[in-house]
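There are 4 protein chains.
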Amino acid sequence: MNIGIIGIGRIGKIHLINCLTHFRDIQVVAAMNPSESGRNFARHLGVPLVTDDAAVLINHPEIEAVLICSATDSHADYVELAAKAGKAIFCEKPMDLSLDRVRQTLALVEGSGVPLMLAFNQRFDPSFAEVKQRIAEGELGKLRSLHLISRDPGPPPIAYIRSSGGMLMDMTIHDFDMARYQVGAEVVEVYARGAHVVSAEIQEAGDIDFASVMLTFSNGVVAFIENCRETTYGYDQRMEVFGSNGMLRVENPFKTSTISSGRAGNILGKNLDFFVDRYAESYRLELAAFFEALIAGKPMPATGYDGLKAMEIAEAAMRSIAENRPVRLG
Amino acid sequence: MNIGIIGIGRIGKIHLINCLTHFRDIQVVAAMNPSESGRNFARHLGVPLVTDDAAVLINHPEIEAVLICSATDSHADYVELAAKAGKAIFCEKPMDLSLDRVRQTLALVEGSGVPLMLAFNQRFDPSFAEVKQRIAEGELGKLRSLHLISRDPGPPPIAYIRSSGGMLMDMTIHDFDMARYQVGAEVVEVYARGAHVVSAEIQEAGDIDFASVMLTFSNGVVAFIENCRETTYGYDQRMEVFGSNGMLRVENPFKTSTISSGRAGNILGKNLDFFVDRYAESYRLELAAFFEALIAGKPMPATGYDGLKAMEIAEAAMRSIAENRPVRLG
Amino acid sequence: MNIGIIGIGRIGKIHLINCLTHFRDIQVVAAMNPSESGRNFARHLGVPLVTDDAAVLINHPEIEAVLICSATDSHADYVELAAKAGKAIFCEKPMDLSLDRVRQTLALVEGSGVPLMLAFNQRFDPSFAEVKQRIAEGELGKLRSLHLISRDPGPPPIAYIRSSGGMLMDMTIHDFDMARYQVGAEVVEVYARGAHVVSAEIQEAGDIDFASVMLTFSNGVVAFIENCRETTYGYDQRMEVFGSNGMLRVENPFKTSTISSGRAGNILGKNLDFFVDRYAESYRLELAAFFEALIAGKPMPATGYDGLKAMEIAEAAMRSIAENRPVRLG
Amino acid sequence: MNIGIIGIGRIGKIHLINCLTHFRDIQVVAAMNPSESGRNFARHLGVPLVTDDAAVLINHPEIEAVLICSATDSHADYVELAAKAGKAIFCEKPMDLSLDRVRQTLALVEGSGVPLMLAFNQRFDPSFAEVKQRIAEGELGKLRSLHLISRDPGPPPIAYIRSSGGMLMDMTIHDFDMARYQVGAEVVEVYARGAHVVSAEIQEAGDIDFASVMLTFSNGVVAFIENCRETTYGYDQRMEVFGSNGMLRVENPFKTSTISSGRAGNILGKNLDFFVDRYAESYRLELAAFFEALIAGKPMPATGYDGLKAMEIAEAAMRSIAENRPVRLG
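Protein chains in written order, with my numbering: chain D, 32 to 361; chain L, 32 to 361; chain E, 32 to 361; chain U, 32 to 361.
Just chain D, same shape as in the assembly (with noise of 0.2 Å):
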């Protein structure tokens, strides 16, 4: 199959580089990146056609599927372009930062019958993923709570976070996909708290840095969130399913499976710095799972619609905050 990858970027060096090294029937025909580094990258490792032109790339007659990794406010219209010329799409997260947009790109990829991916790698992770399949094979039996601590080891630029549409929308929604994921059933009902715990800049810029969001499912399931942007020991997320016939966690991973024993105690190793660091392996296996349902002709395992439905939770979550009171979804 040939590819072509747009956005050569941080995570789209990321994409490039699994492609060539893990998936030898995969043939990166083109790469676009706007700025010439990006493209130097490409160029150094092989890749025959590299332009600053998405067009190109998208309508090349050779390519079968793109890779969306340029800068968020060109996503949507990208994913557009590919749909009219009927290639396939994996499309990093968010489609966009306005629903209405969001709603009307899906409406048109539906339309042209493409298949799209979006990128919710950490549903890929291999941890995460095990906690899904286990969920799915029954060992939980019924669930019955669902609990998700997210935290950042440090909050990102303030120029970010003022163009991110807030913490809600921007970190939390990949819990609210976690949660949609592994509960398997809608959101009906969320009740959210937002502080400032962080940062007075942040608080400035109109957003929260602390969040705390209780999401009832259709199916009976609570889920207990929590997010910060900042934390003294690394990059923090755990999880925890509860179900009538037993529990799943996951741990953070450390950077070294060390245990020091002296007199301040038993200590192990340090948790990782870095997001990058921990999804590592989740970048590559939503790379596999989407061309093996490419392949395979099967639905994608991560949609628009999980990344419209995130949203929507997150929307919520920011009335609920507003309003004091729990917030009814769908």
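In case anyone wonders, no lab produced these hints; they're calculated from the structure.
Don't take each hint at face value.
Because identical chains share one entry, a pair is satisfied inside a single copy or across any pair of copies.
Using 25 Å as the maximum straight-line C-alpha spacing, the simulated DMTMM-like pairs for lysine to aspartate or glutamate come out as follows [claimed, not checked]:
hint, residue 1, residue 2
1, K286, D183
2, K286, D267
3, K173, E261
4, K173, D183
5, K124, D183
6, K173, E232
7, K286, E261
8, K301, E312
9, K173, D267
10, K301, E170
11, K173, E217
12, K124, E141
13, K301, E168
14, K286, D304
15, K163, E261
The structure presented is a predicted model; accordingly, all values stated were derived computationally and were not measured.
For chain D, the structure is supplied; the task is to place chains L, E and U on it using the hints.
Okay, now just chains L, E and U, sitting in the frame of chain D:
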């Protein structure tokens, strides 16, 4: 110091044994129990005066302090008798299921000037107490959130549930106290949801068997509490406190420190079966704290007021469930 | 059953309290101690007959079994007295520091037909006992190796070391017994090395403070044993048993089940300070096993022969160190 | 810097990918492989010159360093060719199965003055390297002992075993190097035992499949090594270093950071299946260390001398098994 113990049931026996074997300076002068078997237990351990009349014990001129370990509905009566007799009081929780009665009894105790400790034993568990102390020493910086998960291995008899005051007043109340204890502030708002996931019988008895609670404290800390009346894996009580400077967690202790490795993976020990196993040490330590405060003339480490506040949170949580809205306190 | 306890020191007190509080069918009729403080302890707990004369206790007509918890150099004498009096015997280890005396005493006991249990309490620790049981149930398949690491927090007083029979006879002997117990076979060869890493004083006293041992068993299993008289991190005793079907490990229990996360990483609880803390439960369980075997007329779960075999391994290890060569046994 | 890679098999592919994706300043100018499939792999990744003639690559005027990743029996030949051509050498281990040939080749390399690194990749594993660094910083004080347990999930093909030089030379040799690396001293005495616990076929091939070794170092440290060719639970490699000031352990990393709790207890993830998974990161880090030392003109972090010393220990261990006695080195 000479003491008397009222009620030689499950918890009274624990206290009696601990008095005899760990506190060489404490003399158990008398024990009261309504039934013969409890009295025989006390006789076997050499308690000089064994009776079925609490008044005899309370008014015994040599007795300086009484431990009230009898049935819940007798607590308030014995507390009042002891207060009138000028005896120091160690009372099992709750003091009463009625908030009004608790308020009246506490007023009487306050008027009498006798010291009273309410036996919130979990505060004295070495792990939970360690966390409290490390928070007090500033290790976590400014607190941001607290997570408490308490799950019993199985529900108590339905008769117990019917007279328990309900899951929030009977079980979650320990978490309400623990949250107040660790956070060191008062709850200002409660949002709670109840569910029936364990047994139809509990639902028919008018109670819930699964509770989800979000507390907001006066200092901004948010506490997430989950309670369930049943697990397949034993007694489960865990806590996490997160602050600007780090995180402290209390995990479950296991029956053994064995790890097996085989085709099924790496298997740790099993959870304990029962809260009495988990908290064995806390019973001894709470008594030590009572005697220490008494002898030093210091404030009691857990008071009737603490019990009252926990009950008020439980009541607000019940109203929150009934009306599906956050409820303000205070 | 009526029993008497000889020696109300550290370990005698533990046994006395356990008898009173855990074995309702056992009556402690008498206690003997040479000094007043031990006798007062027994009186405080209501022991009817308190004496400084072991013969009075041993020959007391109502006493069916004696627990010998006195100083090591009196064990063999009291065992012989009790055997002659036809009393069942529970004896703290070692029976004597001289292999010859042990052999003589065991011959006398055997001739008398009284049951004798040697108090190898570590066998009854819930974790070590669990491993033994799972091995017996075949979980590990055919055993291949065993690793034992035992390190004390600090060396005992030099006077104790001088009269201890040496590190191998005093400390490593517990590992020799544990290895035999777990492997279920006899040692056929010993290779050992000794070192001085802790204290010049111990070296001057003619003892080692660090021992490295490799045992070969009759069934081919190899056991690695390391012992040290000092750590900076508390009491450390761990075991690993590896077989054709898997592995079982016993890790150290910690003081608390707290985990802290901060700039220094993820810190677990601290090791226990002292073997008495680590093995508190084993003291109760070994007594239970003694009473159970006695009442059921079953073989004792740890015998004088077990003590003898462990001493023979220790002696061979001493010869191995002296001659720097593997030494055959049996 | 321009390099060439000789041998594009399992390990050569790993190095080639790592060169392309992690070292932007390194140009892979040429790759040599005897068979077509390895050459196609290199072509697919855009290596300019692909050949089946090692001499062409080694003598290529632009190539400054060669990575020798071919079959073991060709290592010494290519090392000598490269040394004569004045190229820096990174050579997979072992350099040769014959101690004599290794000595000759090292002499030639030394005479030529080219830098040579022997690829003891486990030294560069983040956990093992962290322990080494913390020992070097004095965290453990004076070292006392080291424990190494290395167990493979299953034995290699019997043909491999026949040409491997034997378990001690093929498998335990990694532990001999690791022990020297961590202890920072030379081995002065070896005591070893061999056993047959896995497969009759291995025994018939004249090799052992289970090894027990005790090493004594010049600084008094004792190392315990256990090796086995088979487990039921995956790849198992752990280390413990104990010193006067504390202890450092390296535990196995698991496939996932999942914990399940149910009737069977609390189950952690599974061990990795294969050393290539366990040491993926170490392959990248050893290359980084090679390039860094080369560019900075510093001593190589693992030398041909290190390989020679590990082989000498293996040879002494074989003699110890044959003669059942401790064998002196040096």
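Now for the hints, and whether the structure bears them out:
| no. | hint | verdict |
| --- | --- | --- |
| 1 | K286 <-> D183 | both (16 Å within a copy, 23 Å between copies) |
| 2 | K286 <-> D267 | both (12 Å within a copy, 18 Å between copies) |
| 3 | K173 <-> E261 | between (34 Å within a copy, 13 Å between copies) |
| 4 | K173 <-> D183 | between (31 Å within a copy, 17 Å between copies) |
| 5 | K124 <-> D183 | within (18 Å within a copy, 40 Å between copies) |
| 6 | K173 <-> E232 | between (44 Å within a copy, 18 Å between copies) |
| 7 | K286 <-> E261 | within (19 Å within a copy, 27 Å between copies) |
| 8 | K301 <-> E312 | both (19 Å within a copy, 17 Å between copies) |
| 9 | K173 <-> D267 | between (27 Å within a copy, 18 Å between copies) |
| 10 | K301 <-> E170 | between (31 Å within a copy, 17 Å between copies) |
| 11 | K173 <-> E217 | within (16 Å within a copy, 36 Å between copies) |
| 12 | K124 <-> E141 | within (18 Å within a copy, 56 Å between copies) |
| 13 | K301 <-> E168 | between (33 Å within a copy, 18 Å between copies) |
| 14 | K286 <-> D304 | both (9 Å within a copy, 20 Å between copies) |
| 15 | K163 <-> E261 | between (28 Å within a copy, 22 Å between copies) |
Consistency with the previously given hints is maintained throughout, with no hint failing.
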